[in-house]
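*Asks:* The numbering of the sequence shown is the numbering used here, which starts it at 1 and goes up by one.
Please note that a few of the clues may not be correct.
[Stated by the list, open to error] The calculated label-pair distances, taken between Cβ atoms and stated as ranges, are:
1) Arg8 with Asp101: 19 to 27 angstroms
2) Gly132 with Arg48: 25 to 33 angstroms
3) Leu144 with Ser7: 26 to 34 angstroms
I should point out that these hints are in silico values taken from the structure, not numbers from a laboratory.
Every value quoted in this text rests on a predicted model; they were computed, and no experiment measured them.
Beta carbons: idealized from backbone N, C-alpha and C, even for Gly.
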Amino acid sequence: MNQADLSRLHQQIRACQLCPLCEGRNFAVPGSGPAPAEIMLVGEAPGREEDLKGLPFIGRAGKLLDGALGQAGLERSKVFITSVIKCRPPQNRKPKKAEIDQCRPYLQAQIDILHPKIICLMGNTAAMAILGKQGVTSLRGQILQDRFLVTYHPAAVLRNRNLMEEFVSDLKKAGLMQRHLHSELFRKG
1 MNQADLSRLH QQIRACQLCP LCEGRNFAVP GSGPAPAEIM LVGEAPGREE
51 DLKGLPFIGR AGKLLDGALG QAGLERSKVF ITSVIKCRPP QNRKPKKAEI
101 DQCRPYLQAQ IDILHPKIIC LMGNTAAMAI LGKQGVTSLR GQILQDRFLV
151 TYHPAAVLRN RNLMEEFVSD LKKAGLMQRH LHSELFRKG
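Given the sequences, and given the hints that come with them, work out the whole structure.
*Replies:* Here it is, written out as C-alpha cells:
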C-alpha cells in the first residue's frame with residue numbers, strides 16, 4: 001500500500017455522504033502528510049478553517065500544533081495529520097457517536113495504508129475512537145499497546161496555555177519513540 005492507495009481513499013472521503021455532516025461541509029478533510037508515515041497525529045474533527053480549505057489543522061489550533069511540533073523537534077511535513085471524523089460538525093460541536101462510527105473505517109484504512117509506528121491521539125475523541133478510553137488528563141503521556149500515545153488536543157492547549165509544556169513533552173516522546181525504533185532497526189539490520 002502506498003501514496004496511490006492513500007489518494008484513492010482520500011477521494012472516497014471527499015465524496016462521502018454516509019452521514020448528515022456531508023450536507024453542511026465545504027470540504028471533507030481527509031488529512032495530509034507522507035505515505036508511509038512513521039508518526040500519525042489524530043485529532044477530533046475539522047474546524048471552520050479546515051472546512052474552508054480541506055486541509056487539517058490550519059486554523060489557530062493548527063498554528064499552535066505547528067509551534068509545538070517545532071519545539072519537539074518534529075517537522076510537520078514528516079508526520080501524517082488527520083482527525084477521527086473528516087467533516088466539520090455544525091458550530092464545531094463534539095462529534096456524535098454515530099458520526100464517529102461512520103468515519104472510523106476511513107481512519108482505520110488510513111492506519112492500514114500508512115503503517116505508522118506511533119499514533120498520537122490528541123484529545124478524548126481520538127482516544128475513545130481508537131482505544132475505547134477517555135480521560136486525557138489521566139492517560140496523557142502514556143504509551144498504550146506499544147504505539148498509541150495519548151495527549152491533549154491542540155484546541156485544549158489554546159484554551160489553557162498551562163498545558164503547552166506537557167503537550168510539547170508528549171510530542172517529544174513521539175519523536176524519541178521514532179528514533180528508538182530506528183536505532184532498533186539499525187541494530188537488527
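*Asks:* Each hint needs a verdict: does it hold in this structure or not?
*Replies:* Hint-by-hint comparison with the structure:
1. Arg8 with Asp101: 19 to 27 angstroms: Holds - the Cβ-Cβ distance for Arg8 and Asp101, about 22 angstroms, lies within 19 to 27 angstroms.
2. Gly132 with Arg48: 25 to 33 angstroms: Holds: the Cβ-Cβ distance is about 29 angstroms, inside 25 to 33 angstroms.
3. Leu144 with Ser7: 26 to 34 angstroms: 30 angstroms, holds
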